[in-house]
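2 protein chains.
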Amino acid sequence: MAQHLRHVETVLDDLLGQHAPPGSAWVTPAELNHAMRYAVLDGGKRLRPLLVLAAYEAVSGRNASDAAPMRAACAVELIHAYSLVHDDMPCMDNDVLRRGKPTVHVQFGQAGALLAGDALQTLAFEVLTPLDGSVDPAVQARLCGILARASGRVGMAGGQAIDLSSVGRALSEDSLRHMHQLKTGALLQASVMMGAVCGLASATALQALEAFGQAIGLAFQVVDDVLDVTADSATLGKTAGKDADNDKPTYVSLMGLERSRAYAGTLAVQAHAALQGSGLPDTSALAALANRVVHRVH
Amino acid sequence: MAQHLRHVETVLDDLLGQHAPPGSAWVTPAELNHAMRYAVLDGGKRLRPLLVLAAYEAVSGRNASDAAPMRAACAVELIHAYSLVHDDMPCMDNDVLRRGKPTVHVQFGQAGALLAGDALQTLAFEVLTPLDGSVDPAVQARLCGILARASGRVGMAGGQAIDLSSVGRALSEDSLRHMHQLKTGALLQASVMMGAVCGLASATALQALEAFGQAIGLAFQVVDDVLDVTADSATLGKTAGKDADNDKPTYVSLMGLERSRAYAGTLAVQAHAALQGSGLPDTSALAALANRVVHRVH
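Chains E and V, in that order, give the protein sequences.
By the working numbering, the letter at position 23 of the first sequence is numbered 23, and the numbering carries on one by one without gaps.
By the working numbering, the letter at position 94 of the second sequence is numbered 94, and the numbering carries on one by one without gaps.
The hints are simulated quantities; they were obtained by calculation from the structure and are not laboratory data.
Just so we're clear, the structure is a prediction, and the values are computed from it rather than from any experiment.
Do not rely on the hints blindly, as some may be mistaken.
[Stated by the list, open to error] Under 8 Å between C-beta atoms, here's a sample of chain E residues computed to sit facing chain V:
1. S24
2. P29
3. A119
4. L131
5. A148
6. G152
7. L164
8. V167
9. G168
10. A170
11. V229
12. T230
13. A231
14. L257
15. S260
16. Y263
[Said to hold, decoys possible] To give an idea of the chain V side of the interface with chain E (calculated C-beta under 7 Å), a few residues:
17. L114
18. F125
19. A262
Note that beta-carbon positions come from the ideal geometry of N, C-alpha and C, so glycine has one too.
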């Protein structure tokens, strides 16, 4: 996994170069490029890219440095990074600390952050559609489709909209789960599915990995809610205690700390069961990532 | 063209429905859906969709209501709409009037506008990747690739970044042209290219249409600069005189009103010459759109 991480960092760094794309004399304007790099590089757990690569390896048995899964891994991380940049802006969560650094709008101004987020989202789809023939066009189309659906109106952006309108309201457990499945779960699940699609997974394997992705997506958010209460800002690299300060409904506010921890454990068991039922010979990397999601401390 | 317009409006309205996508029980959250619809429907000249459809008909000789060009037309308009929503925000151009209505952030708040813009961008790529088999996957991939490159860091978003950093600075004609080619020209040119790709254009036709798209893209911006000085807000449906107020470099500030008008005429001649050289039997709809770009009054 350490090797995957290094590879992802290298490819992200390369994709975020200022270089002119083939057939164009133009380069990314310097200030925009700085803000985009700042938002993506030198930080982040890269959980989503690691899920893409682990799913690809589990399905195909091949090395995850192939072009399709590596591009899918980077595209998902670009979408994740764009969402953090926009969510941190003053009109949204108004946060000043992220990955232990000042947030993008603090560093580059609000207009700079808005544009950098916009361009990072676009870049994800550029990365998924290389012009060099390295990724089968049918796979390109499926990857774009999965990523767009997971990050848009009935995915991440939709979840964020529900989150915004839920401040100060008590949500039922069903509504809270729905919000988180959209806001965080959809993109984590999409990461698994994109890796599987790159590896041309069978229908059985796809179905099992969909259930796996759903369980860890939800577990991630439950643990996030627990950490927001139990960890400090230095450990998290972002402002702790934010949800309570913002009067946001969370698993902890709904079911308490102990039941939230137990629920995360239940979801982990569901995730492992889905892997067992996948019929795939080696899902150890996916299993390790599931454990990391549940047992993480930041 | 009136028929195309009606068709585009109908399809946009349908695509922006709140309905759950196939395979999902979830719908777009109501507030997000309202803001997205407000940003797109009931307004706009739909120049980009018309360019897509005209290019498709010129290349294929077929009716533009086919799935691929209609989806491409709507996707380009969604990208255009998202860019207007974000550009109007207080941290960018801080504008309150657009298409004769209050801008999205005035109507839905800044967070609502930020999210609606984000989700509209994503929706463009969702629209280009239908799951119903109506568009060849290879065409889907090419359309996503063209649209992403035209709207991202070395396209629209890049041009907007240069624009932001140019306020109060004198630009050379070359720099001004470069900024506008990115900010406005790239997406107009992409509209033409996407229509051509849907129609499986020959290399010769593609090259001619690329030149056509470049000429009208630049002409559009020159005329925009002229109208910002000569038209009133009621006619434009947006705030007139904004560029001078914001001390932005424009063609009019660089070369004066008369030379700007003459330059728009020169670009129109270039556009028509490109059509002549395309080898396509009927480019009358594209020629009519080029004339509309140059002779428009709002």
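Taking the hints in turn, this is what the structure says about them:
About 6 Å separates the beta-carbon of E:S24 from the nearest beta-carbon of chain V, less than 8 Å, and the hint is met. At a threshold of 8 Å, the smallest CB-CB gap from E:P29 to chain V is about 4 Å, leaving the interface hint in force. Taken as an interface hint, E:A119 checks out: its beta carbon lies about 4 Å from the nearest beta carbon of chain V, inside 8 Å. About 7 Å separates the beta-carbon of E:L131 from the nearest beta-carbon of chain V, less than 8 Å, and the hint is met.
Hint on E:A148 holds. Least Cβ distance to chain V is approximately 4 Å, under the 8 Å limit. At its closest, the beta carbon of E:G152 sits 3 Å from a beta carbon of chain V; the interface hint therefore holds under the 8 Å criterion. Interface hint at E:L164: satisfied, since its Cβ lies 6 Å from the closest Cβ of chain V, which is below the 8 Å cut-off. A hinted interface residue such as E:V167 counts as satisfied when its beta carbon comes closer than 8 Å to some beta carbon of chain V; here the least separation is about 10 Å, so the hint is violated.
With a least beta-carbon distance of about 14 Å to chain V, the hint placing E:G168 at the interface is violated under the 8 Å criterion. With 8 Å as the threshold, the beta carbon of E:A170 stays out of range of chain V, its nearest partner Cβ sitting at about 18 Å, so the hint is violated. At about 25 Å, the closest approach between the beta carbon of E:V229 and any beta carbon in chain V exceeds 8 Å, and the interface hint on this residue is violated. With a cut of 8 Å, the hint placing E:T230 at the interface with chain V is violated, because the nearest CB-to-CB distance is about 28 Å.
A least Cβ separation of about 26 Å between E:A231 and chain V goes past the 8 Å threshold, and the interface hint is therefore violated. Annotation: interface hint on E:L257 violated; nearest CB of chain V at approximately 29 Å, more than 8 Å. Given hint, E:S260 at the interface with chain V, is violated; its Cβ is 24 Å from that chain's nearest Cβ, farther than 8 Å. For E:Y263, the shortest C-beta to C-beta distance to chain V is roughly 21 Å, which exceeds 8 Å, and the interface hint is violated.
For V:L114, the interface hint holds, since its Cβ comes within 7 Å of a Cβ in chain E; the closest pair sits about 6 Å apart. Checking V:F125 against chain E by beta carbon gives a least distance of about 4 Å; that is within 7 Å, so the hint holds. Interface restraint check: V:A262 against chain E, minimum CB-CB distance 27 Å, threshold 7 Å, status violated.
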